[in-house]
Each structure stands twice: as structure tokens, then as C-alpha cells.
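Enquirer: Here is how the chains run, residue by residue.
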Amino acid sequence: MADKDDLEKSADCVTDQERDFAQNALTEFQRGNYGASLQNINKLDCRASDIKVIHNKSVVEYCKSDLKKTDNFLKSLKSLYVQFDLDIKKLDDVDQCIPFYNHVVVLFHKREYAEAIRIMEGVYKFVEPMDESLAMQVGLLLIELHICTRQLNKAISFISYFENQLFNINPLNVKQGEKLLKQSEKEPKENKKVAQVSNAATEEFKKKLVAYKARCFLMTHALGSARKEIQALFGQNKTSLAAQFLKANLEYLQGNYNEAIEILNNIQTDNLTYSESAESALVMQYNNLGAIHHAMGKPNLACHYYQKALKADIAFQQNSKKDSGDKPLYMLTASKYHELMYNLGISMLHAGRPQNAFDCLIIAVRRFHRNSRLWLRLAECCIQVHKESNEIDFDIQKKQKEMVIEVIGAKKQQKIVLTKNLSKDKKYSAETQSYAVPVPTLEFASLCLRNAYLLLPSDTVTSPVPLLLMPVVTPPTTPPPSPGPAPSTPLSPSSVAALRNAILAASAYVSLCLGDYLLALEYAQNLLTQPRLSGVHRLLAHLYAAEALVLLDRISDALDHLNPENVKDMSLEFTTDEGSSEEGQAIKTNPPAKWFPSNLASAHAVMQYNIAVCKTLRGQLDQAAALLKQIWQGRSSNCKVPALIIMLVLYIELQLGHADVARSLIKQYSLQCRMNG
Amino acid sequence: MALTIAQCDILLTLLSDNNVKTQTLEALANDMHKKFEVHDYFSVGSCLLMLLQQGLLETPEQRLAAVTLLHELYRGEPIANTPFANVFIHLLHPPEQQSNVGAPKLEYPGQLPKLTAPEKNFVAQLVSDVPKDAILKKTATQIINSDIVGPTNIDLSALQLTIAEKQSELPHTCRSSIPAVLSFPEKQTNSYLSEPDKKDEVIQKLLTTDNLYRIYKPEFVTLAPPLLNSKDEPVWFNVTSPKEHTVAYDVTMCVPNMAGQEARQLMTKAYKTALTIQQQQQLLTELENDPKLVYHIGLTPLKLPELVENNPLIAIEVLLKLMQSKQITEYFSVLVNMEMSLHSMEVVNRLTTTVDLPTEFVHLYISNCISTCETIKDRYMQNRLVRLVCVFLQSLIRNKIINVQELFIEVQTFCIEFSRIREAAALFRLLKQLESGELGLGISPPSSAKGKLDG
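Chains as they are written, first to last, in our numbering: chain A, 1 to 677; chain B, 1 to 455.
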């Protein structure tokens, strides 16, 4: 303690000469003459133990390198921490905030958000005593960090804190101003000037807060509030690129795709380039057009735009590589490669190109490995590679060709060999290859789904509140940010529920296909207990549970699940009367949903077919045959029936000893096709 | 794993018409054991079965030899434990072939050839546990031509039961398979009369490929789930101006903080000794004039206890000014954990009457007070502290700062423990009155309570 007091004292004793040097250094720094500034600081050699001198010296050196020697800067910051025993946990002096703030700036540009937020929270405690301009910078970065990590509620509360603080400070400023005027009637000019400068900065700060607010509101889908803020932005500056992009975003979220496209197409992209601003309007434009086309249900066009954006992004990457040496700080992670890969992967998946989608998403997941939905998407790619669509199960033309796989011999000794399985869902793997190899297989899908389930955002919106009072004087340790939806916007509670259901359904399917029917049953039952369930998921849960139960030799339990009464609708989403109240304004940016079978009649045909399978297994062949006959007769263009039905009829005839009937069935359905096809 | 083509040939030679007619069954079996390894037995058995099922053995002798070999494969083991046990039961009790008169003949998948009575007799002996040396010494021809007619008196029901039990242990899905190879004789309609029936090719294709084990069982329709249909999933890019977040220069370098110099010096003093009333006034006035000054007087949470002990009035004013600060919880935390004293209690008391303190804080502070009273050794100090706490609590209760229900048990225990002290008894009475509802909570606190604490 004594040392510190001494230090403080020595810091307070400044010679006039030293003060001049410092003043010159500051002026030169503000003019951007970093060399001259550095010379002045070097003259302050005798104050080698003054933390501010050492700190400013490294800042100026860093600026002099065009912010390229980031590693050196970090090193000098860290040695500063050691020399003066600084620790963010024990920070108790507002004067020591600046090095930490600079550290956060570097971390932000390196995208090390968790660490950045951890330090920033320590700095933020001193935001009131802080120098006003620094406080503003801290505020903006703090908000940006929380937007980056999609902690939007926190970001919004910070924004409103800074707004309120501004409005609270203003009257105080007035008071001070009056006082100053009274005090110093000798030099009123200077004072006025100071007040104006600070006001201009405050105005600028307010404008930025508005832009931040608009971004937050868009991300939280509070479209009404977003609209107000965007209008305010346009009021400030009609040609602002930021405002135009935000406006397009708003139109997109409202489902006004054509308006959004028009705004984007009118944007002048030359004003904002990577080399100038570390972000490229061109990449942004292409990407956003991609997002709009994805929402319009044109995934192939979306892919096209994403690929253009990627091209632009990669071109920039290669250009900047050509420039020798280190990249400036703000260029370190300026590339949007991973986000673009994510978008591209999603659209590829919707376009029915699961293999390509998988390759894209596996790149994206390296950065966004805490995104539950992304893991589900990867699993969906694997499933789609495994089974392109359910339509093949209903394609009688194609399936009947596959019934007989070989004809051997001739004449009296002619034999035919039936297929082992007509449906190709099951794949009991005996390969020794590890599941963890990132290839689009069901085995890998099972791992992805486990990740997806573990990373699901918790239902409870509020994270556990850190206890207000701690026995020891330490700032409450913040829990690691909960798994977020980054890079996408946060999920509403009903989206989380839908995500959970989708994960459970996919898990049950993959487990069944891999022959893990105990697990499949567990997933299916879990799915059935979910409070909100779409019609399709209810159907699937019952089907999966039934199949797993049969494999567990609990056929009568399985029959309960297969009761067609269990499924009364084929909705792909939650019924709206539950959802609308909570969501407020409806966001309509989901591509049109499609799934096969699409109607209740076909779904019931599947359930009845599976009942027939159960009965057959139990030896109730006559009942099964009758049921199959009923299904077959009910088929129509509206009601598709599973193609497996012919094979099951064949099986039943064989089991009943009606070999001749079976032979004529084969002749009718399969051999002819083989000959014709 | 199916047999290799060479192995297949060996097996077929063994079963050739000539061979089975000339050699005894025992010799055939021994030959087989010599030519095949134990790990091939299952494949050999499957081949034999396939030959039987598909009618690829022409003479009855060959068939009988095949059945015998199938049995002899697992010679010495209890028949019920061998994989082909069921075959023998089927041979002895074939399913009905005629459902009713006039209907076409029934033909089941994987049906086995029908045996004659002497053959049946032989098979029955084979699977029963009678000695078999005698019968195996015969050739197949001898057995077929023997004149034993009519049912044997060998009882196989026990064996049948064991096998049936074993079967029923398997799930239905395992029991439902049928062989996938179907006999499909071509109708002789056209002129390819001279074309051979390619029997050898048939045998080879059935025995040496996967077809040997190919089965079919009823399949479920397993629908793949739909893609998750998600709103606002693709990332939308907005302008974020990352360049705006850049490093900061410390403008206060070599600029001594002159403002509040005096206030700071007074504070440094205030940690160590009590300030005079005049000094106190000066400090408070300065703090009053500049609302931000409070952050620059060098106060940190760690220094708060010293300030409280020496200058409680200053501490109160400073804390009130820091109420909006991010650090206030840390100050509270220090306050609640510092050693209990008259001054600290005074500070807390004043804070409770001026601002809304977090409930947890007040409760924690009270718990701390109570436990300090209980653990203190010095009897005189204890009495003093207990009095203080009691008066403090009364004040809190009367001012409705705390909801006594939440601390009722703790406070009541405290009162009973120190019932020898007058103030504790009074507090206890207050609690009882509250409990019985005698005391309306609207009653304003008696001035004496506050007066005592302030003094």
C-alpha cells in the first residue's frame, strides 16, 4: 500500500517541462503524427515508472505500425500488468482502466468474445468516473460485444443505461456549465467551446446508440421498435449505408422480399470496402440477397448469391495476403467466410444437395460449434444423403423392380432370389471406422445430434442470477455465455421447442436406422411428452416408437402407437393459436416447408401398413391380408400407399402356403418390370 | 460366409449319387469331418439345407445322406442345442399340404422334401438318444429299402418341447424370416427344349454366394423426418463499423488531477482518524458540489471499513452518492462482512432509512450481527452488542424495512438466548405482539429507539 501511495504522489508531482512534453505528445497523437508523438513521450524517460507513460508509449508505437504489430502490443500490455500488478479482478482505480480497455479492443478484433466480455465487465464498473469520451468508447464496445455473442437483452439494457445516463448527465452538465460561467467570466469563450465539443461527441454517441438499438430490435424481432429507430437513422442521414441495410433487413423480416431486394440493389457498394472499412458492402449485399431468396423458397438462387459473396470475400482474402507482413488489427477477422459457408450450407440442404451442404456446414461448425441448430443441420445432411426423400417408399413402379434381385437357372430348376430388404433405411453398421470421422453418414449424424441436444438453449429465459453478495470482495464470476445461436439471431421459446422436437425426431430415426432401438424408443417417447408437437412429429414419434417396440418384441404396445386416431393433422409447425400470442409480430422468413407424405390419408396408410406388419409378425396372417387389401383399395392420387405393400402381400401368401399365388404376384409385378425396364 | 467353390465341389462329390449308394452313412460322415474345419460347419449345414429345400438332390439316397450329414455335423452335442434341430422336427412333422379337398396343394417357403416311412423312422432314431452305431453302419440305399413300416415308438415330444421353448424366447421379428430363394419353374411353352436347366450353375450360385443366407422378413415403413423449418436462420449482414473500436490513448498522462486535491487529502486522513466537524463539513460540501468527485477521492471497497470506523457520517454520505455506481454491490458486500460495530450498524441503519437496500443485503447483515453476538467471548462487549442489535432490529421492524416473517425463527431464537437482557426481552414482546396482530404495523417508531442508536 505504501508503495502505491508513493507512486500516486510521484504521479502528481509533474514538472512543467514534463507537462509540456506530454501535451505535445497528445497533440501530435491526435493529429496522427505518431512519430513525433513518440519522440515527445521518449523525452519523459525519467518517468519510467509512470504507468501512463509506459502505456501511452506502447499505444503510440502500435498506432505507428498501422495497428499491425498486434502481438507486440499485447505483449507490452501483459508486461504492464505484471509490472504494476494489475488484475482485472482486483481493479479498483479508474485510472487503470485504459490498458484493460485496449486489451478488450484487441480481443474483440480477434473474435475472442468470451475473454473480451470478462475483462470488459471489470472495466464497465468504472464507467461513471471515467473520462466521458473513454466511457463512450467503452459503452459502444460493450454493446457490440454483447451483440456479437447474441446476448441481446443485455445489449439492450446497456443501451438504455447509456441513454439514460446521457439524459441524466445533461442537466448536471448544464449545472456545471452555469457554474463555470459564473466562476470564470474572464474566459467565457473557451468554456463555450469545450461545451460544444463535448456536445458534438455526445450527439455522435447518441446516433450510434440508435443504430445499435435498431440492430438489437431487428435481432429480437421487435419490428415496431426497429422501424422507429431506423426512421430516426434516416432522419439523421438519408444516404447512410447502415440505415439502408437495416431498412432492407426490416423489410425482409416483414416478408416484403421485393422491397428488400430493391433496397439492396440500389445500394452503392463502392463506398464500403474491405480495404477501407474492414467490411464490404458488396459481400453484404450478395449475402443478404441470398438470405432473401432462401426465404422465398428459391434455395438454388440463394446458393448462387452466397457463392458470389464468397467469391468476393475470398478475393479480398487473397489480396490482403499479397500485402506482406501482418494485417492491421481490424482486418484480422474481417472475413465473413464462416458465416457465408453457414448460409450456403443451409441453402444447399434445402436445395436437396446434402453432400455439398455437409461440406459447407462442417467448415462453419468449426467456428460456431456451440450452435445447436447447426449440429442438427449437419445431421439432417447425413440423413438426406442416406435417404433423399420419403417418396421412394411410395414409388411402386420403382420398388417392384427391386423385389427380385436375381433369376438363376432355367426351366424346372429356375430359381428367383428375392431382395433382402426393399426399404433402404436400415444400415446396421459393422464397420470399424470411428463414428467421429466427419463424413455424411448416419453414424456421424448420431454424434451431431447428441451435440445438438446438449447445446439446446435452456427453456428458462433467465440464466441463474449471480448472487448479489459474496463473502469475499470479488466481482461475481460470470458464467460462460450460454450456447448461443450465433451466427444467427436468437431463438424464440417456440423456436427452441421446435428445434428440440426436430432433434428428438432425427435422433429417433437415426437410432432406428442404426439398429439402436432402445435409444430410438427413448427418443420417440421423449418426443411424445413434449408440450408442443406438430402433427408430423406426432406421427413420426408414434411410428418410431411402434417400430422400436416391435423390435423389442412388445407388439401389442406397438399396436397402441399405430392407432390412426393418434394422428389427426399433418401440420409441420405448431398450431398458430398457441404461438401467435407469444411471438407478437410474425416473422415470415422461413422457406416454404415441404415433406412427403403431405396428407393425412397417406399417413394413415403408412400407419395401417405398419399395423399389418405387426399382425403378420404375430402370425395373424388373415387379418393382415385383409388390412392390406383395404389399404390397397383405398389408394388414389391423394392417398399414396407404401410400395412395400406388395412385398408384404407376397410374404403373407408364401407363409400361407399359397406359392402359386405368390409366383403369379411376382410375375405380375416384378418380372414383367424387369423385362420391360 | 458362404463356401468357396472348391469346398462346394467337395461337398457335392461327397453327396454324389455314386458315393452315397456305395458308402455307409458313417463313412460319409467321417469323410465330411475330415474335409471340413469346425468353423465351416455352419456353412456346410446351410448348404445341405439349401440343397434339400430347393430340391437340388435328385435321388432319395442323396437326400437321406444330406439329412444324415446335417445331423452328424454336430455329432455328440445335444440335438436341441444344434442350429439345425428344427429341420428334423419339420422332416418328421411336415406342415399340412392340403387345406381342404379340392384346393390347390399348399407349398410353404423353404419346404423340405417329404420322407417315406422308413426314412422317417431312420430320422427319428437319428435324433432320439438311442445308440446309432447300428443304423449308421448301413448305406442310404439299405435304409430306404428297409421294410419298417408304420410309426416308430420313439417319443420325441420332449425334444420338440425344448426346441419350441427355445424358439419362443426369440422375438417375433427373428422368427418371421423366410428364405428369399424361391423355386420358380418355367412353363415349358416355347422351343428351347434342348436347353439344359443349368443345374450346376444354380447350385453354385446358391451355395457359394450370399444367396445361401438370404432371407426376407416383413419390413416397416420408416419415414425420415422433415427438415427443421426455421425462421430467420441465414445470417444477415448489417454495417457494424468494426474500425470504430480502436485503441485509446491515456490523455491524463502527466496531468495531475488537481480537482478535489483537498478532498482527497481529507479522505486519506479520514481512513486513519476521525475528522473534526469543520473538516467533515468541508469534505461534504466539496462532494456535494461535484457529483463525480466521489469517484476520484481514492475510495475503494477495501478502504471502506476504515472509513466506517473512523468517520461513519462521511461513509454514509459517500455511499449514498455511490448508490448508482456499478461498484455499490461490492461496497455493500464489504460492509456486510466487516466486523460488527456501533458505527457499522449506524451506517446500515441510516442507509436502510434513506434508500431501498437489497433485501438479501439486510438479511445477511442481520444474520451476521446475530452470529457475532453469539460467538463473542467478552461478556461485557456481548451485552453491549446484543443491546445494540436489539434496538437496531426494533427500528428496522417498526420502520417496516424488513419483513420479520422471513427472519422470525432466527430472531426469536436470538431473543430467547439473551432473554436476560432487557432489550432482548422487549424485542421478544414486540415479536409476540406482531404475531398476535396486536400491533398495527402502521405505528411509527418511538423516537427513543432512533435516538439511542444515533447517540
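No lab work stands behind these hints: they were computed from the structure.
For clarity, every value in this text was computed on a predicted model and none was experimentally measured.
There could be a bad hint or two in this list.
[What the hints assert, rightly or not] Once the Cα atoms are required to be at most 27 Å apart in a straight line, the calculated DSS-like pairs of lysine-lysine come out as: (1) A:Lys75 - B:Lys243; (2) B:Lys321 - B:Lys269; (3) B:Lys120 - A:Lys667; (4) B:Lys198 - A:Lys415; (5) A:Lys427 - A:Lys411; (6) A:Lys398 - B:Lys205; (7) A:Lys57 - A:Lys75; (8) A:Lys426 - A:Lys401; (9) B:Lys114 - B:Lys138; (10) B:Lys243 - A:Lys415; (11) A:Lys401 - B:Lys198; (12) A:Lys89 - B:Lys326; (13) A:Lys207 - B:Lys326; (14) B:Lys138 - A:Lys206; (15) B:Lys326 - B:Lys269; (16) A:Lys64 - A:Lys110; (17) B:Lys243 - B:Lys217; (18) A:Lys110 - A:Lys415.
Enquirer: Among the hints numbered above, which are violated by the structure, and what are their numbers in rising order?
Expert: The structure breaks hints 3, 5, 10, 14, 17, 18; every other hint is satisfied.
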